[in-house]
Amino acid sequence: MFSYCADPDTLGTFRWFSCYLTNGVHWSFYLSFIKVLALLAVTAPVALSFGFAGAMAARSHFPPLSWLGKAYIAIVRGVPDIAFFLFFVIALDQGFEWIRHKVLCRDWTDPIRQGNDFLVCQAAKLPLGTAPEWVHETYGFFLAVITFSIVFGAFAANVLFGGMRAVPHAQLETAEAYGMNRRQTFWKILVPQMWVYALPGLSNLWMVLIKATPLLFLLGVEDIVYWARELGGTKTSKFTQYPHGDWRMWYFLFLLIFYLGMTRISELGLERLMRRLSHGQATSGGELLRKETTA
Amino acid sequence: MKNLILSTAALALTAGIAMADTVRMGTEGAYPPYNFINDAGEIDGFEREVGDELCKRANLECEWVKNDWDSIIPNLVSGNYDTIIAGMSITDERDEVIDFTQDYYPPTASAYVATSDAADVKGGVVAAQTATIQAGHVAESGATLVEFATPEETIAAVRNGEADAVLADRDYLVPLVEESGGELVFIGDPVPLGGGVGMGLRESDGELRGKFDEGITSMKADGSLNEMLIKWFGEGTATYGSDGSVVTN
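Heads up: the sequence lines are chains A and B, in that order.
Residues 1 to 295, numbered by the numbering used here, are exactly what the first sequence covers, in order.
Residues 1 to 249, numbered by the numbering used here, are exactly what the second sequence covers, in order.
Source of the hints: derived by calculation from the structure; they are not laboratory data.
Even for Gly, the Cβ is constructed at its ideal location relative to N, Cα and C.
Any given hint could be a false lead.
What follows is a set of in silico ranges between Cβ atoms, one per label pair, in the way DEER data are often shown [claimed, not checked]:
{"no.": "1", "chain 1": "A", "residue 1": "CYS121", "chain 2": "B", "residue 2": "ASP95", "range": "18 to 28 Å"}
{"no.": "2", "chain 1": "A", "residue 1": "ALA83", "chain 2": "B", "residue 2": "SER141", "range": "25 to 35 Å"}
{"no.": "3", "chain 1": "A", "residue 1": "ARG113", "chain 2": "B", "residue 2": "GLU207", "range": "15 to 25 Å"}
Please put together the full structure from these sequences, using the hints given.
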């Protein structure tokens with residue numbers, strides 16, 4: 001990056017580090033932070049909407065829909081995350097390719113499963129074999145978002161389901177007494193009030209989600225933990241201009257600070273959100289706010 | 001005449017498609033000198049050079065992909081990439097699941113490394129990378145095996161005393177021992193393991209395997225493979241004679 005970096009052996013400590021920390025691999029490392037943040041930014045709302053749909057289905061009055069919602073919550077919550085991540089991504093990918101194969105290559109006669117191999121025609125490959133590497137990486141990222149959303153959506157569904165039931169029944173009865181139908185009661189009375197009950201549970205999920213991002217590497221996305229391990233490992237002078245010993249401890253220390261910083265920022269944000277949601281609610285938090293403003 | 005032009009055009013077109021055939025090469029990127037990530041963040045090493053040369057000879061366009069060692073075979077058979085070129089020794093167990101080309105690196109010598117000459121490699125605790133021939137060898141040797149996901153961690157285990165010794169490919173260990181300033185030493189004689197390093201392909205991919213096999217044969221015959229072997233592994237490494245036989249130096 002800097003002109004004096006051509007021969008790092010001759011540099012002093014400060015300049016050596018300024019070169020070391022700006023070389024190509026380190027940019028990949030910094031980029032992976034953006035990847036993780038992007039994953040969080042995309043996954044959180046998608047998982048929340050999965051959760052909302054799941055909770056709505058679970059409390060539906062139409063039995064098959066209710067069973068579906070409850071089965072989704074029970075199955076995903078019951079299976080270990082790591083098993084889900086290993087199974088789901090391969091299954092999802094093969095599922096997509098199988099569907100495309102059936103649609104795009106109708107005259108294909110060979111079986112798709114040949115021993116251990118999973119074979120679809122070239123046109124059904126996802127992404128296409130000829131696609132550039134960034135398309136493959138984006139596709140992997142997209143699979144990661146879906147998988148994370150399904151897993152965290154199930155937990156969110158359970159939290160929201162509980163939040164919906166925690167809204168005092170008198171509120172709903174009053175709504176009915178005012179002549180609101182079921183739909184109106186749900187959207188105008190229940191949903192605005194349930195968030196305050198669901199938020200503590202949802203904030204836990206958010207924290208777990210932040211810490212679950214290293215699972216990304218299982219899905220083939222190179223995340224911050226992968227790069228910290230790779231960059232911190234011993235490097236001998238034969239293969240790099242910047243040889244060093246086992247520095248993984250320092251890299252992981254940096255990750256620790258990053259994760260703690262994320263946690264702190266999230267706590268502050270969630271606290272503000274809670275305050276906002278409690279406003280005007282018939283809960284102890286809402287009561288406290290009312291007293292503050294009237295006093 | 002018109003027909004002739006049409007058919008040449010069609011021929012040119014199909015040739016164009018054949019030229020643009022992309023082969024995805026899967027590797028680990030954590031096993032110098034075979035494969036590693038260089039300062040610029042690209043895959044580099046002996047296998048990168050061999051792979052690029054093979055693709056050039058077979059007229060294929062190749063793209064390099066990184067994958068965790070643990071899941072490198074499952075991702076090959078499910079079609080996420082087309083070859084494994086990751087210092088993988090040819091063994092019977094692996095051959096049941098995937099197919100190998102002929103070896104482009106002669107049967108490897110593995111070696112034990114420890115912090116002192118006194119380490120007990122037959123009855124002590126020995127570290128090795130998960131799912132490698134070395135791990136298999138340690139398990140059979142009577143020593144207690146501790147497995148790690150990456151080669152880096154096996155060395156760290158020896159340094160911090162968790163394991164008495166590590167068993168790994170000798171070529172991977174040489175630069176580490178040289179630069180450890182006497183902290184790490186080789187113990188005992190090298191252990192010959194495996195049937196050489198080859199490229200792994202899906203069993204149904206016979207055509208591609210044929211192309212790479214042909215490329216390796218021609219690289220052995222014209223000596224270009226030997227040049228790469230010496231460049232990456234030093235003068236003392238085993239090379240190939242022009243008929244493909246192994247020459248130990």
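The hints, checked one at a time:
no.: 1; hint: A/CYS121 - B/ASP95: 18 to 28 Å; result: holds (27 Å)
no.: 2; hint: A/ALA83 - B/SER141: 25 to 35 Å; result: holds (33 Å)
no.: 3; hint: A/ARG113 - B/GLU207: 15 to 25 Å; result: holds (19 Å)
When each numbered hint is compared with the structure, no violation occurs for any of them.
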